[in-house]
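A.B. asks: Listed below, chain by chain, are the residues.
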Amino acid sequence: DTAVSQTPKYLVTQMGNDKSIKCEQNLGHDTMYWYKQDSKKFLKIMFSYNNKELIINETVPNRFSPKSPDKAHLNLHINSLELGDSAVYFCASSQVGDSFTDTQYFGPGTRLTVL
Amino acid sequence: GQSLEQPSEVTAVEGAIVQINCTYQTSGFYGLSWYQQHDGGAPTFLSYNALDGLEETGRFSSFLSRSDSYGYLLLQELQMKDSASYFCAVRGGGGKLIFGQGTELSVKP
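Chains as they are written, first to last, in my numbering: chain A, 1 to 115; chain B, 1001 to 1109.
It should be emphasised that the hints constitute simulated quantities derived from the structure, not laboratory data. Computed from a predicted model, the values in this text were never measured in an experiment. Note that the Cβ used here is the ideal one computed from N, Cα and C, for glycine as well. You may find that some hints are simply not true.
Unchecked claim - Label pairs and their computed distance ranges (CB to CB): (1) B/1026 <-> A/72: 28 to 34 Å; (2) A/57 <-> B/1065: 32 to 38 Å; (3) B/1021 <-> A/72: 35 to 41 Å; (4) A/58 <-> B/1065: 27 to 33 Å; (5) A/2 <-> B/1021: 30 to 36 Å; (6) B/1054 <-> A/5: 30 to 36 Å; (7) B/1056 <-> A/40: 28 to 34 Å; (8) B/1002 <-> A/40: 14 to 20 Å; (9) A/27 <-> B/1080: 28 to 34 Å; (10) B/1054 <-> A/83: 43 to 49 Å; (11) A/27 <-> B/1054: 24 to 30 Å; (12) B/1065 <-> A/44: 23 to 29 Å; (13) B/1014 <-> A/61: 42 to 48 Å; (14) B/1008 <-> A/113: 22 to 28 Å.
Please model the complete structure; the sequences and the hints are all you need to start from.
C.D. replies: So this is what it looks like as structure tokens:
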């Protein structure tokens, strides 16, 4: 009964390749996010979708293209991978407007290594 | 812009009490959250303060002073399993979280 799941958990690929990461949440939340965590553990928002609509795009290179087929799924496609894309990518979801806890639920992460 | 400052690392012994501070600068404040992340794991929610004061959840407490733009996470009766990274975060537009750089807590026997 995983709340937020991501696949794959590990991704090793060559520079220049294109890859996708998938995310699904079964919490019934309206909002989903992609975060990138670098080697220094800095967590930074990349994108946010609310009910399949893009609401946040944090100056991410356009090689990164998120897609949300429905509010339970948010995928991330990366074109022409570069060495600097190596990081852990976390999907998360929340119910925006829940002002009491402001909780975000994170997936297990996808460790992307670009060689 | 929005930024958060927290110590990069803290070391303590089992059974002790440790406090991790966080100061923030933000335009529009909705509350301060704390997340825990074990090595190789995902961030998990610990606590949230929207109003001034102390929130207690078991061995963990979190404090907020909005006038000082400051908060802290207090961990009591430290256990080895508390060794992890701890992140403070504020909510930005669209519900996104803006994280501090994280504090790595090492608990020694």
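A.B. asks: If a hint holds in the structure, say so; if it doesn't, say that too.
C.D. replies: Consistency of the hints with the structure:
no., hint, in the structure
1, B/1026 <-> A/72: 28 to 34 Å, "holds (31 Å)"
2, A/57 <-> B/1065: 32 to 38 Å, "holds (33 Å)"
3, B/1021 <-> A/72: 35 to 41 Å, "holds (38 Å)"
4, A/58 <-> B/1065: 27 to 33 Å, "holds (29 Å)"
5, A/2 <-> B/1021: 30 to 36 Å, "holds (34 Å)"
6, B/1054 <-> A/5: 30 to 36 Å, "holds (35 Å)"
7, B/1056 <-> A/40: 28 to 34 Å, "holds (31 Å)"
8, B/1002 <-> A/40: 14 to 20 Å, "holds (19 Å)"
9, A/27 <-> B/1080: 28 to 34 Å, "holds (31 Å)"
10, B/1054 <-> A/83: 43 to 49 Å, "holds (45 Å)"
11, A/27 <-> B/1054: 24 to 30 Å, "holds (29 Å)"
12, B/1065 <-> A/44: 23 to 29 Å, "holds (26 Å)"
13, B/1014 <-> A/61: 42 to 48 Å, "holds (45 Å)"
14, B/1008 <-> A/113: 22 to 28 Å, "holds (25 Å)"
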